[in-house]
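A.B. asks: With the hints as extra help, turn the sequences into a complete structure.
2 protein chains.
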Amino acid sequence: MQATGQCLSEATRRSVARPAIHPAPPDALVLLEQFGTTLSVKRDRQIYSQGDEAGCCYKIVSGCVRIVNFTKDGCRQIDQFLMAGDLLGFDALETHDFGSEAVTNVVLRCFPRRAVDKLAESNIALTRRLRDMTAISLRKAHARLIQLDRTSASERVARFLLDMTERLQASRRTVLDLPMSRSDIADHLGLTVETVCRVLAQLCREGAIAIDPADRSRITIRDDMALQQVTSEARH
Amino acid sequence: MQATGQCLSEATRRSVARPAIHPAPPDALVLLEQFGTTLSVKRDRQIYSQGDEAGCCYKIVSGCVRIVNFTKDGCRQIDQFLMAGDLLGFDALETHDFGSEAVTNVVLRCFPRRAVDKLAESNIALTRRLRDMTAISLRKAHARLIQLDRTSASERVARFLLDMTERLQASRRTVLDLPMSRSDIADHLGLTVETVCRVLAQLCREGAIAIDPADRSRITIRDDMALQQVTSEARH
DNA sequence: CGAGCACTTGAAAGATTTCAAGTCCAGTGG
DNA sequence: CCACTGGACTTGAAATCTTTCAAGTGCTCG
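First to last, the sequence lines map onto chains A and B. For what it's worth, this note's numbering labels the leading residue of the first sequence as 1, then goes sequentially. For what it's worth, this note's numbering labels the leading residue of the second sequence as 1, then goes sequentially.
These are calculated hints, taken from the structure and not from any lab test. Do not rely on the hints blindly, as some may be mistaken.
Given that identical chains are not distinguished, each listed pair holds provided it fits within a single copy or across any two copies.
What the hints assert, rightly or not - In silico DSBU-like cross-links for lysine-lysine, where the CA-CA straight-line distance does not exceed 35 Å:
#, residue 1, residue 2
1, Lys140, Lys118
2, Lys140, Lys42
3, Lys42, Lys72
4, Lys42, Lys118
C.D. replies: Here is the structure:
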């Protein structure tokens, strides 16, 4: 019953950091590649929806994906955004708790869960790898929990921008082309669109960032340090 | 790098629900029992702290445990409370992300991780079980994320009380003896102690609950339905 | 008996949301 | 080609909620 993804980059880093007496062992995940098929999804289309049987795992080849949850009162929440290289659905149980949608046009590599599970049964390294990946996701979920709880709107937005700078590998690490809308950001950070706008405007005024007036999704990080500082301001 | 627990009850339910063509398979976790040693921890003492190497997994025999995290600005957050029967530390990576403390006097069954990992290497059922348990923890972390984000103080407190009613198996499911203090609850729900008090007082006035004036940690659920309703009120 | 601590309650301050209105841009149809 | 409509975004002002600050109660432990 789970449908969240994790950063391959982080997962990979971990496997590389593993004490290597022998030459670095090949990542158990490459074994999956033989089962992969390619899939394209257009912008704003669903990849799977909340409650669907978890038939596949995915790796994002290009584009941006959002993991969404609709509460019974019709409120949308975005659990996370996934970018090229990130993995999706590997920590699912039988069905997907959350849905998943394409933020931009997306290309996916798709792996049938049956094949993954079958392979894992005979390959202890892969099984272990899958477990560790889930543990890493869990850790990230907790990090997010801590981030959201007890942090002000500015802290959330500043941290979001810094995260995106890292993950989007912006041209010179300063110009961000955010693939998601303001309301996506709002639903991700647990704020309203208006608050997100106001905070961005405020950061502009303070000179920490600049918003391209012609394309508002293009944001320049002017003062990395100022953002970091906003991130760690005590609240209330 | 993880240090959170999960409910055995939920995990068990799942393994029971597993399609059983053969007579229900014994829970792979009972295999661990042979390695178990018993450990007592006094009230308010640490079981392990943030950053400790994750040397052991635990099962709580009796008492209540809190999983705590201290942010760099000195704020305490309680990720979750664990009760008798719950498991602790099984989804850890190398070290514990969060610390763990005894809320009441606690008795634990302690399993060395080396033994667990060793056993898992030769027992695919156990490995799979550990992975599923981690996935279940992840699911719960997400549930909590959703609960905290975008919910009002009354919703949080009401949901907390309902959860506790279930988990503490109160005498006639109506009288709760909360093992944790108001400030524990506050740090768990991301509120201040004052807000928790005020919401409890409010629920009292509305007749949903009653607080024993002689022992304020004893709370009677007077109107289950009213609490459920508070839980699902839209906010803001 | 006094100190300390957990808990409670009140009032003011602060933050974010809600409501309302306006701007800008892209795509559409005349 | 241009006006027009809708949607995303922005901004202002009032309303709402929670926190912060302050003070008081009651109980437990020396």
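A.B. asks: At most 35 Å between CA atoms: does that hold for lysine 42 and lysine 72 within a copy, between copies, both, or neither?
C.D. replies: within (27 Å within a copy, 42 Å between copies)
A.B. asks: Which holds for lysine 42 with lysine 118 at a C-alpha limit of 35 Å: within a copy, between copies, both or neither?
C.D. replies: within (31 Å within a copy, 46 Å between copies)
A.B. asks: When no copy is specified for lysine 140 and lysine 42, does a C-alpha distance of 35 Å or less occur within a copy, between copies, both, or neither?
C.D. replies: both (28 Å within a copy, 31 Å between copies)
A.B. asks: When no copy is named, should lysine 140 and lysine 118 be tagged within, between, both, or neither for a Cα gap of at most 35 Å?
C.D. replies: Both, since 27 Å and 26 Å are each at most 35 Å.
The structure shown violates none of the earlier numbered hints.
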